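Keeping the supplied structure of chain A fixed, place chain B upon it in accordance with the hints.
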Amino acid sequence: MSTDTATFDRVADIIADTADIPREKITPESHAIDDLGIDSLAFLDIAFAVDKAFGIKLPLERWTQEVNEGKVPAEEYFVLKNLCARIDALVAEKAAKA
Amino acid sequence: MRLEYFEMIDQVVRLDRAAGQIECLALVPEASPVFEGHFPGHPLVPGVLLTETMAQASGYLVLAHLDFAQMPFLMAVDKARFRSFVGPGARLEITASLEHDGSGYAVTKAAIRHEGKALCDAELRFRTMPFPDGLDAPMRERAKKIGLLDGAAA
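Sequence lines, in order, name chains A and B.
In case it helps, the numbering used here puts the first sequence at residues 23 to 120.
In case it helps, the numbering used here puts the second sequence at residues 2 to 155.
This is chain A alone, in the form it adopts within the complex (with noise of 0.2 Å):
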């Protein structure tokens, strides 16, 4: 998937405001989870913060229960690169419906 370099941009200074975590260490290729240790909580607390940002509403559960029942990697919701290509899927799909 590709990414849009300003959505990467705009996330990972939501991570690093909303989560503490140092900038620097927000890369496309981190894991949400795994490399940056962010909780469930921090992330529904990110994910508000995206949602106002970008005027959409990630649709969580939906990937919560694809990835619990194995039909999704969690790799395909949580390394930054892929959330921002979704992000930008569904800022294009709310822009196709205006």
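Derived by calculation from the structure, the hints in this document are not laboratory data.
Just to be clear, a hint being listed does not mean it is correct.
As the list claims (entries may be wrong) - With the Cβ distance kept under 8 Å, some of the chain B side facing chain A (calculated, not the full set):
1. 76
2. 77
3. 101
4. 108
5. 126
6. 128
Remember, it's a predicted structure, so these values are computed and weren't measured experimentally.
Virtual Cβ for every residue (Gly too), placed ideally from N, Cα, C.
Same frame as chain A, now just chain B:
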């Protein structure tokens, strides 16, 4: 209010599901063991119970918004401010508004007023989850008792 039982909301005065707003009333009891310790000879409703009161008003709002499909559990309290003191016998007016309906979580802003003055306010976040076994019916019963859906608009 039954402070010892964490039943903080006495009555839902108004519920506007379309606008995501709720208004509730709560009467602080004249006597409670809580006041024996907080504070001896100078009874004040603890800030933590005012926070719980804002959380419960918000929780009922989220329950109504989700049509009881999921249960909200408090997970974060931000920007809480306690602007005045309140004690036994006070009539509290609680308002809450739904700020964001996320996937698996919800965000509200809530406030309590007393005698027309701001008492406290906060931004609250809730994780929304399937009802744990056995909790659905008691929550519906409690919501019915306080008239959650009686004054509902939309």
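Here's how the hints hold up against the structure:
Taken as an interface hint, residue 76(B) checks out: its beta carbon lies about 6 Å from the nearest beta carbon of chain A, inside 8 Å. For residue 77(B), the interface hint holds, the least distance from its beta-carbon to any beta-carbon of chain A being 7 Å, beneath 8 Å. Among the interface hints, the one on residue 101(B) holds; its C-beta lies about 6 Å from the nearest C-beta in chain A, closer than the 8 Å criterion. Annotation: residue 108(B) was flagged as interfacial toward chain A, and the flag holds, the nearest CB pair being 6 Å apart, inside 8 Å.
The beta carbon of residue 126(B) comes within 7 Å of a beta carbon in chain A, closer than 8 Å, and the hint placing it at the interface holds. Among the interface hints, the one on residue 128(B) holds; its C-beta lies about 7 Å from the nearest C-beta in chain A, closer than the 8 Å criterion.
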